[in-house]
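Chemist: Given next are the chains, with one letter for each unit.
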Amino acid sequence: MKINEILKPTFWKVVSVIIVTIGLVSTFYRFTRGLGATTNLHDMAPWGLWIGFDFLGVGLAAAGFTIAATVHIFHLHKYEPMVRPAILTAFIGYSIVVCLLVVDLGRPENFWHPLVMWNIHSVMFEITWCLICYTTVLILEFAPVVLEKFNLTAPIKYLRIISIPVVIAGVLFSTLHQSSFGSLYLIVPGKLHPLWYSSLLPVHFYISCIASGLSMIIFESFLIARAFPKDEGFHHTELKMNILSGASFAVLVALIAGFLLKSYDFINNGKISLLIKPSAETYLFYLEIITGTIVPISLLSFKKFREDKKWLYIISICVISGLILNRLNVSITGLIASSGVNYFPSFDEISITAMLVVLGVFAFRIVAKNFHLFEAAESHETVKERI
Amino acid sequence: MLKENGILFDVTLCVGCGSCYKKCKEVNSLPQANNDFLKDHLSNNTYTVVEQYDKLYTRKLCMHCNEPACASVCLVGAIKKSPTGAVVYDGDKCIGCRYCMQACPHKVPRYEWSSTKPRIRKCIMCNNRVQEGKLPGCAEICPTEATLFGNIDKLIEVAKNRLKDNPEKYYQHIYGLEEAGGSHVLIISPVPFEQLGYVSKLPKESMPEFTMRAMEKIPSVVVGGGVFLSAMYWLTKRKNQIAKEEKNNTHGN
Ligand code: SF4
Ligand code: SF4
Ligand code: SF4
Numbered sequence: 000m001k002i003n004e005i006l007k008p009t010f011w012k013v014v015s016v017i018i019v020t021i022g023l024v025s026t027f028y029r030f031t032r033g034l035g036a037t038t039n040l041h042d043m044a045p046w047g048l049w050i051g052f053d054f055l056g057v058g059l060a061a062a063g064f065t066i067a068a069t070v071h072i073f074h075l076h077k078y079e080p081m082v083r084p085a086i087l088t089a090f091i092g093y094s095i096v097v098c099l100l101v102v103d104l105g106r107p108e109n110f111w112h113p114l115v116m117w118n119i120h121s122v123m124f125e126i127t128w129c130l131i132c133y134t135t136v137l138i139l140e141f142a143p144v145v146l147e148k149f150n151l152t153a154p155i156k157y158l159r160i161i162s163i164p165v166v167i168a169g170v171l172f173s174t175l176h177q178s179s180f181g182s183l184y185l186i187v188p189g190k191l192h193p194l195w196y197s198s199l200l201p202v203h204f205y206i207s208c209i210a211s212g213l214s215m216i217i218f219e220s221f222l223i224a225r226a227f228p229k230d231e232g233f234h235h236t237e238l239k240m241n242i243l244s245g246a247s248f249a250v251l252v253a254l255i256a257g258f259l260l261k262s263y264d265f266i267n268n269g270k271i272s273l274l275i276k277p278s279a280e281t282y283l284f285y286l287e288i289i290t291g292t293i294v295p296i297s298l299l300s301f302k303k304f305r306e307d308k309k310w311l312y313i314i315s316i317c318v319i320s321g322l323i324l325n326r327l328n329v330s331i332t333g334l335i336a337s338s339g340v341n342y343f344p345s346f347d348e349i350s351i352t353a354m355l356v357v358l359g360v361f362a363f364r365i366v367a368k369n370f371h372l373f374e375a376a377e378s379h380e381t382v383k384e385r386i
Numbered sequence: 000m001l002k003e004n005g006i007l008f009d010v011t012l013c014v015g016c017g018s019c020y021k022k023c024k025e026v027n028s029l030p031q032a033n034n035d036f037l038k039d040h041l042s043n044n045t046y047t048v049v050e051q052y053d054k055l056y057t058r059k060l061c062m063h064c065n066e067p068a069c070a071s072v073c074l075v076g077a078i079k080k081s082p083t084g085a086v087v088y089d090g091d092k093c094i095g096c097r098y099c100m101q102a103c104p105h106k107v108p109r110y111e112w113s114s115t116k117p118r119i120r121k122c123i124m125c126n127n128r129v130q131e132g133k134l135p136g137c138a139e140i141c142p143t144e145a146t147l148f149g150n151i152d153k154l155i156e157v158a159k160n161r162l163k164d165n166p167e168k169y170y171q172h173i174y175g176l177e178e179a180g181g182s183h184v185l186i187i188s189p190v191p192f193e194q195l196g197y198v199s200k201l202p203k204e205s206m207p208e209f210t211m212r213a214m215e216k217i218p219s220v221v222v223g224g225g226v227f228l229s230a231m232y233w234l235t236k237r238k239n240q241i242a243k244e245e246k247n248n249t250h251g252n
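Respectively, the protein sequence lines represent chains A and B. As numbered in numbering that gives the first Met the number 0, the first sequence has no gaps in its residue numbers, which increase by one up to the final residue, 386. As numbered in numbering that gives the first Met the number 0, the second sequence has no gaps in its residue numbers, which increase by one up to the final residue, 252.
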């Protein structure tokens with residue numbers, strides 16, 4: 000791409016530059032003035048938008064391990080074209096999460112303490128280590144894409160030898176930390192609203208991340224097809240409906256599993272009566288369940304909708320919104336009720352989050368344009384592996 | 000017998016003089032935030048408050064739980080249960096994740112939000128003074144012995160005897176004996192505790208138990224998951240191979 004072309008202002012470029020500039024100023028304030036001056040957090044709402052965003056970021060990046068497992072462990076090679084975008088999404092998602100975690104720490108300069116100071120009884124400790132290990136796995140999984148670009152075949156050979164153990168490790172680390180984000184709240188039975196509190200929280204979190212991670216990658220396929228069209232020199236970016244329908248069936252299965260689990264939890268713990276108690280929490284709960292579970296399940300049950308581009312696009316947005324609502328409900332709505340206070344993110348909280356999202360999208364574009372992110376249904380690797 | 004210390008606070012004896020509030024600020028070098036101590040609340044510079052409920056006065060402070068939720072969730076071990084019974088904090092270790100604030104069932108820990116080097120702030124039962132052989136500030140200054148400091152087992156006995164000897168004077172419950180697994184601060188009062196703003200209906204098990212039940216499963220998830228994935232890898236690969244061979248065979252024929 001020529002310099003002129005990069006500098007040519009378009010609407011989105013201008014907006015992005017503005018968001019990033021504002022975000023940088025906010026970041027500067029955050030680190031020089033402290034949390035109190037730049038966030039709306041306080042003693043009764045110690046966690047806010049940033050932690051909530053980390054929750055949903057991790058949830059939406061779950062396709063990284065599900066797709067890698069589908070292709071490399073279960074040998075469903077049909078899904079191969081999804082692997083690289085999914086891993087890149089996961090890596091960028093996790094990078095945003097880690098940045099936000101550090102921004103959110105009261106003492107960011109001590110971020111390395113968990114490496115040397117251990118408390119193995121803390122869920123947070125486990126999550127921290129899983130995040131570190133899984134990010135390493137993602138780097139190893141994505142390294143071949145970078146190396147092949149520079150024709151460095153020797154290291155790729157070694158990476159291929161360890162590739163299966165790496166994928167397995169990735170699935171295990173993901174399983175642990177995805178569910179542990181739910182475990183974080185097990186210790187607050189009195190504080191988290193019973194609509195969301197359940198001893199099964201870790202399982203809820205795990206199942207929902209699979210459904211929404213896959214929906215995220217379906218949704219992304221649409222964006223990719225639009226953003227990187229053939230006439231601009233991209234290959235294999237077009238929508239492959241057989242893959243998307245297959246993935247959407249997996250979404251359906253995960254959603255039903257999640258719904259059954261939730262129903263079991265409500266019936267077993269006598270929480271049904273909560274559903275008819277009018278309160279802001281109940282409405283938000285309904286919003287979450289209807290958008291994220293009921294509507295998608297009803298639509299996905301019909302083959303017609305699973306194979307229709309437009310509907311699949313809408314359904315994936317529903318599932319993603321459902322997860323976003325769920326994670327924000329657990330981390331913000333459900334806790335605020337008990338503390339009896341209000342919390343709404345401050346300008347700086349929002350602008351720093353927005354900046355990181357824009358940078359994430361930007362990073363994805365750069366990598367997509369410069370590396371072989373999109374592949375034909377069966378890459379050379381698989382073909383070789385099969386012979 | 001445990002050598003651990005605790006505090007017994009008796010609402011019936013408290014006259015609401017506020018000496019404990021002031022002494023606490025003094026021994027911990029905390030700035031005076033509010034002239035009217037009864038209007039103050041726990042904050043980054045207030046470890047204990049005296050609150051008025053009608054004619055009764057009561058104190059709020061860290062309960063120094065037997066199995067503190069705050070300590071169990073702290074990923075770097077900045078909060079610890081000291082062998083003296085106090086739950087203490089090391090600001091040099093703390094990374095400021097604030098999980099301790101979220102986890103505490105009594106909603107006690109406070110944060111120095113306005114600082115760029117913030118610390119968690121809460122009562123540490125004057126652990127340094129106690130190790131020097133002194134009493135905690137509040138217990139030393141209290142004119143009526145409403146706040147008693149001493150061996151926790153003895154305090155439990157004292158509390159039980161008071162409840163038994165004056166059943167008409169006390170609501171028959173020792174707050175802190177069983178709440179959230181029990182704590183090293185015990186409170187007795189003439190009225191039920193929710194009327195005094197205490198968190199009631201806390202489970203009897205210690206809070207870390209709730210997390211442990213999930214964390215216990217991690218090893219089996221890792222081992223089981225590892226075995227399952229490896230098996231699936233091998234099985235599906237084999238299946239593909241057989242399918243291919245069959246295909247080749249039919250072609251060969
Ligand atoms: S009351 Fe809260 S801060 Fe105090 S020891 Fe218990 S959990 Fe920790
Ligand atoms: S804020 Fe500090 S003391 Fe509290 S849990 Fe986090 S690291 Fe531990
Ligand atoms: S010093 Fe004693 S009597 Fe005075 S307010 Fe404190 S506990 Fe009550």
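Bear in mind the hints are in silico, worked out from the structure with no lab data behind them. Heads up, a few of these hints could be off.
[What the hints assert, rightly or not] Listed next, with one range per pair, are the computed distances between beta-carbon atoms:
#1 B:GLU245 x A:LEU238: 26 to 34 Å
#2 A:VAL101 x B:LYS200: 33 to 41 Å
#3 A:PHE27 x B:LYS243: 57 to 65 Å
#4 B:LYS243 x A:ILE365: 34 to 42 Å
#5 A:PHE370 x B:GLY223: 33 to 41 Å
#6 A:MET43 x B:LEU176: 41 to 49 Å
#7 A:ALA336 x B:LEU162: 32 to 40 Å
#8 A:VAL24 x B:ASP89: 44 to 52 Å
#9 A:MET43 x B:THR11: 47 to 55 Å
#10 A:ILE271 x B:PRO189: 34 to 42 Å
#11 A:MET43 x B:LYS200: 32 to 40 Å
#12 B:THR11 x A:ALA36: 18 to 26 Å
#13 B:LEU176 x A:LEU274: 34 to 42 Å
The C-beta atom is built at its ideal place from N, Cα and C for all residues, glycine as well.
Chemist: Compare the structure with each hint and give your call.
Modeler: Each hint tested on the structure:
| no. | hint | result |
| --- | --- | --- |
| 1 | B:GLU245 x A:LEU238: 26 to 34 Å | 32 Å, holds |
| 2 | A:VAL101 x B:LYS200: 33 to 41 Å | 37 Å, holds |
| 3 | A:PHE27 x B:LYS243: 57 to 65 Å | 59 Å, holds |
| 4 | B:LYS243 x A:ILE365: 34 to 42 Å | 39 Å, holds |
| 5 | A:PHE370 x B:GLY223: 33 to 41 Å | 36 Å, holds |
| 6 | A:MET43 x B:LEU176: 41 to 49 Å | 27 Å, violated |
| 7 | A:ALA336 x B:LEU162: 32 to 40 Å | 34 Å, holds |
| 8 | A:VAL24 x B:ASP89: 44 to 52 Å | 34 Å, violated |
| 9 | A:MET43 x B:THR11: 47 to 55 Å | 30 Å, violated |
| 10 | A:ILE271 x B:PRO189: 34 to 42 Å | 39 Å, holds |
| 11 | A:MET43 x B:LYS200: 32 to 40 Å | 19 Å, violated |
| 12 | B:THR11 x A:ALA36: 18 to 26 Å | 44 Å, violated |
| 13 | B:LEU176 x A:LEU274: 34 to 42 Å | 36 Å, holds |
Checked against the numbered hints above, the structure violates hints 6, 8, 9, 11 and 12; every other hint is satisfied.
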